[in-house]
Amino acid sequence: MEKTINLTLKVWRQNGPREKGRFETYKVSNISIDSSFLEMMDILNEQLISENKEPVAFDHDCREGICGMCSLYINGRPHGPDDDVTTCQLHMRKFQDGQTVTIEPWRSAAFPVIKDLIVNRSAFDQIIAAGGYVSVSTGGVPDANAIPIPKVDADESMDAASCIGCGACVAACKNGSAMLFVSAKVSHLALLPQGRVEGARRAKAMVAKMDELGFGNCTNTGACEVECPKNISLSNIARLNREFLSAKLKD
Amino acid sequence: MSKLNARIPEGPLAQKWTNYKDHQKLVNPANKRKLDVIVVGTGLAGGAAAASLGEMGFNVKNFTIQDSPRRAHSIAAQGGINAAKNYPNDGDSVFRLFYDTIKGGDYRAREANVHRLAEVSNNIIDQCVAQGVPFAREYGGLLDNRSFGGAQVSRTFYAKGQTGQQLLLGAYQALMRQVNAGTVKMYTRTELVDIVIVDGKARGIIARDLVTGELQRHFGHAVVLATGGYGNTFFLSTNAMGSNGSAAIKAYHKGAMFANPCYAQIHPTCIPVHGEFQSKLTLMSESLRNDGRIWVPKKKEDAEAIRAGKMKPTQIAEEDRDYYLERRYPAFGNLVPRDVASRAAKERCDAGYGVGATGLAVYLDFKSAIERLGQKTIEARYGNLFQMYYKIVDENPYETPMMIYPAIHYTMGGIWVDYELQTTIPGLFAAGEANFSDHGANRLGASALMQGLADGYFVLPYTIQNYLADDIRTPRMTGNEPEFVEAEKAVKARFEKLMNIKGKRSVDSLHKELGLVMWDFVGMGRTKEGLEHAIQRIAEIKKEFWSNVRIPGNITGMNIELEKASRLADFIEIGNLMARDALKREESCGGHFREEYQTEEGEALRQDDKFAYVGCWEYKGENAEPELHKEELVYEAVKMVQRNYK
Chain A
4 MEKTINLTLK VWRQNGPREK GRFETYKVSN ISIDSSFLEM MDILNEQLIS
54 ENKEPVAFDH DCREGICGMC SLYINGRPHG PDDDVTTCQL HMRKFQDGQT
104 VTIEPWRSAA FPVIKDLIVN RSAFDQIIAA GGYVSVSTGG VPDANAIPIP
154 KVDADESMDA ASCIGCGACV AACKNGSAML FVSAKVSHLA LLPQGRVEGA
204 RRAKAMVAKM DELGFGNCTN TGACEVECPK NISLSNIARL NREFLSAKLK
254 D
Chain B
3 MSKLNARIPE GPLAQKWTNY KDHQKLVNPA NKRKLDVIVV GTGLAGGAAA
53 ASLGEMGFNV KNFTIQDSPR RAHSIAAQGG INAAKNYPND GDSVFRLFYD
103 TIKGGDYRAR EANVHRLAEV SNNIIDQCVA QGVPFAREYG GLLDNRSFGG
153 AQVSRTFYAK GQTGQQLLLG AYQALMRQVN AGTVKMYTRT ELVDIVIVDG
203 KARGIIARDL VTGELQRHFG HAVVLATGGY GNTFFLSTNA MGSNGSAAIK
253 AYHKGAMFAN PCYAQIHPTC IPVHGEFQSK LTLMSESLRN DGRIWVPKKK
303 EDAEAIRAGK MKPTQIAEED RDYYLERRYP AFGNLVPRDV ASRAAKERCD
353 AGYGVGATGL AVYLDFKSAI ERLGQKTIEA RYGNLFQMYY KIVDENPYET
403 PMMIYPAIHY TMGGIWVDYE LQTTIPGLFA AGEANFSDHG ANRLGASALM
453 QGLADGYFVL PYTIQNYLAD DIRTPRMTGN EPEFVEAEKA VKARFEKLMN
503 IKGKRSVDSL HKELGLVMWD FVGMGRTKEG LEHAIQRIAE IKKEFWSNVR
553 IPGNITGMNI ELEKASRLAD FIEIGNLMAR DALKREESCG GHFREEYQTE
603 EGEALRQDDK FAYVGCWEYK GENAEPELHK EELVYEAVKM VQRNYK
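Protein chains in written order, with the working numbering: chain A, 4 to 254; chain B, 3 to 648.
Heads up, some of the hints might be wrong.
Within a straight-line C-alpha distance of at most 30 Å, the following computed DSSO-like cross-link-like pairs (lysine-lysine) qualify [claimed, not checked]: (1) B:Lys499 x A:Lys154; (2) B:Lys544 x B:Lys499; (3) A:Lys154 x B:Lys87; (4) A:Lys97 x B:Lys514; (5) A:Lys13 x B:Lys393; (6) A:Lys56 x B:Lys544; (7) A:Lys6 x B:Lys302; (8) B:Lys393 x A:Lys97; (9) B:Lys504 x A:Lys177; (10) A:Lys30 x B:Lys586; (11) A:Lys6 x B:Lys312; (12) A:Lys97 x B:Lys314; (13) A:Lys56 x B:Lys514; (14) B:Lys506 x A:Lys30; (15) A:Lys13 x B:Lys514; (16) B:Lys393 x A:Lys30; (17) B:Lys506 x A:Lys56; (18) B:Lys586 x B:Lys514; (19) B:Lys545 x B:Lys586; (20) B:Lys506 x A:Lys13; (21) B:Lys504 x B:Lys491; (22) B:Lys504 x B:Lys545; (23) A:Lys13 x B:Lys504; (24) B:Lys302 x A:Lys154.
None of these hints come from the bench; they were simulated from the model.
Kindly produce the complete structure, drawing on both the sequences and the hints.
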């Protein structure tokens, strides 16, 4: 009674960062539509192992849409055809029997391929290290209720802080810009009094690091917002631009 | 017995931690720069410890198997973090949090550690707010609280259903600040594969670069393991796919004791298993039990009709529903602790009242909450969880009740540590879920985040100094010492051995086989016969693994199957330890339920006269039986009684 489908997969294979990649075609059959996309990939890999071939390498970990580890460009869309989910939460009921599915890694100059579908996203860590924090050390902080924060500000900050750092925004952007990622962190902290203090410094440092690491410019196409699995709003970019400009004007 | 000295400070319970801090040894700033600390893991415990130690001026090396420290599985915690702030004015206090944790743990945790945990809980909330963690707030601008299982006060702070994410990002950002300052060096996609012991002390690790496959030697004056729990022994669990118990097993093989391996928590509210290719189980936060009511049909024929797809839950009349938690536990109702709720679900399903296609599910219903509070309020509280359920199951929980079933979630057992979080190997520390110390036989909801951050921010950075203060004259080692060379050689030989098996079975197929044995015999209901059978089956799986596993690819370069195989070999060891420990513990307590030991009403029956101890296992070699040591648990502030949530 369980519904199953058969698929043709075109999967990007690449042995290492400097090797030339290629598409390989595989067939998988009797995939339950209640399986997740990554469970379908597990089935493919079991099949490859049984044929004594190397399984497809892909990043994944929590499989509940929060760690940000999974990626995959599926039929031309980061995280595939469903809205508001990561690849690990994408289910096979979104595909048709007999369909061909093309699976690629994130494509961006700042995210070089490590192997097959795995890319190096350490540039995001470097951007955070440049200033994506409040400069407080452990201990010696005031009581948590010492500064009341309006609920709307706290909620808006939380929405920006929902970013999982997966990199779909960069992968979706024709310029390979990291503006949505950077602006989400700048907004999260700038909206709270604790983070407001070093808001200008933070915006400048993170933008400078982003430019240095080879991410492209933002031309407001909005593709990032459409593909973001966590609905991070484009309005964060507007806020970052304001923060950045006013910081620069004070220089 | 001399091997187990818990080193609990003198004095009355409430003053022990203050006394300890007043008299412990410290390291002066100039000497901190000369001391290297290795921290393995970047979750709440590891990330917080690495950041705090870096801020203090130590030279920290921090390791993670993921591509970024922000991926650690702490990120997936949904519901919240406990603290004894008493902001809602409902009678909370440090003592009450301590008491609830001890009681929730079914009187199998160490009093002094738990009291310290409750004491520092408030500092954690202050720290996180200062870092910019966007906790939920009231309209007046102050912090909001919600209720969790096992407590009659509202002491849980939360950030939507993503509290773990926000706390981890706070720790991650503090960590990246130290990376920028040069006090912490990050090693991503790098896995600990052994611990190096020099003159009886932990002095470093052998790590494997998961991208190149190269082995590395790293020296540290002390080593901290913050590598999480071993729930993935069961293959299917709520843990991340990469979560593993390998660091704990390496420590165990080098002489650290493994404490209470059988204490595994089964979380009552997970999305039920759908098929044999299921890769993991998804948790639905316990916070849902604040407003959701759990039920199964009262009549067997209704349950049968539902299983056959002939009837929908919404068609069952109110009087034909059995809200079994409210019926059995009127005082706590749907908010009984996790172990109690899980067993009650199993009991109903075993009795033939389960729902869903498999009959292994119960309903979690929001109908009356939506009627009472409106859909908007429910959406604001649980919107992201409802969306997650909808994406996975393809049913709308606003209209039809969720289906849930228990799943392995957290392991209370772990590496034995003393009051200073030091293992039985000097210089080797364990923090967070990786250690055993604070949750006894059952962890209360929203206490894992509290313990991880307590260990990482406020406990370990102090206690490790008491050890390091004696090490200020120990020069850095180069990694060319014979102990490092030998350790690397042994690791290399093990990986070569794995590659050379060239058998027929995939790693996952063997892991699933192990998982089924664990779930059937070392899961929610355990018996003597079942556990003996499990030990035998695990030995067979071990033999099959070491003679018939197939790992394609090469030993150099990225090889994910090799990583998984290495971890599975360790899970097999842990499975064996869990079964042995469960067999030895002839009582029921918390997450450990031996069917032979229950009350007439089916509640867990402890045997305090025989088993009020921490079961600590010492490795005795590849083919020898491990030896059990006991740390007796002495209760001074609380009286041991049978837990009562009625």
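Right, here's what the structure says about each hint:
{"no.": "1", "hint": "B:Lys499 x A:Lys154", "in the structure": "violated, 58 Å"}
{"no.": "2", "hint": "B:Lys544 x B:Lys499", "in the structure": "holds, 14 Å"}
{"no.": "3", "hint": "A:Lys154 x B:Lys87", "in the structure": "holds, 20 Å"}
{"no.": "4", "hint": "A:Lys97 x B:Lys514", "in the structure": "holds, 27 Å"}
{"no.": "5", "hint": "A:Lys13 x B:Lys393", "in the structure": "holds, 25 Å"}
{"no.": "6", "hint": "A:Lys56 x B:Lys544", "in the structure": "holds, 24 Å"}
{"no.": "7", "hint": "A:Lys6 x B:Lys302", "in the structure": "holds, 28 Å"}
{"no.": "8", "hint": "B:Lys393 x A:Lys97", "in the structure": "holds, 11 Å"}
{"no.": "9", "hint": "B:Lys504 x A:Lys177", "in the structure": "violated, 45 Å"}
{"no.": "10", "hint": "A:Lys30 x B:Lys586", "in the structure": "violated, 49 Å"}
{"no.": "11", "hint": "A:Lys6 x B:Lys312", "in the structure": "holds, 18 Å"}
{"no.": "12", "hint": "A:Lys97 x B:Lys314", "in the structure": "holds, 24 Å"}
{"no.": "13", "hint": "A:Lys56 x B:Lys514", "in the structure": "holds, 21 Å"}
{"no.": "14", "hint": "B:Lys506 x A:Lys30", "in the structure": "holds, 22 Å"}
{"no.": "15", "hint": "A:Lys13 x B:Lys514", "in the structure": "holds, 28 Å"}
{"no.": "16", "hint": "B:Lys393 x A:Lys30", "in the structure": "holds, 25 Å"}
{"no.": "17", "hint": "B:Lys506 x A:Lys56", "in the structure": "holds, 12 Å"}
{"no.": "18", "hint": "B:Lys586 x B:Lys514", "in the structure": "holds, 25 Å"}
{"no.": "19", "hint": "B:Lys545 x B:Lys586", "in the structure": "holds, 24 Å"}
{"no.": "20", "hint": "B:Lys506 x A:Lys13", "in the structure": "holds, 26 Å"}
{"no.": "21", "hint": "B:Lys504 x B:Lys491", "in the structure": "holds, 21 Å"}
{"no.": "22", "hint": "B:Lys504 x B:Lys545", "in the structure": "holds, 14 Å"}
{"no.": "23", "hint": "A:Lys13 x B:Lys504", "in the structure": "holds, 28 Å"}
{"no.": "24", "hint": "B:Lys302 x A:Lys154", "in the structure": "violated, 48 Å"}
Checked against the numbered hints given earlier, this structure breaks hints 1, 9, 10 and 24; the rest are met.
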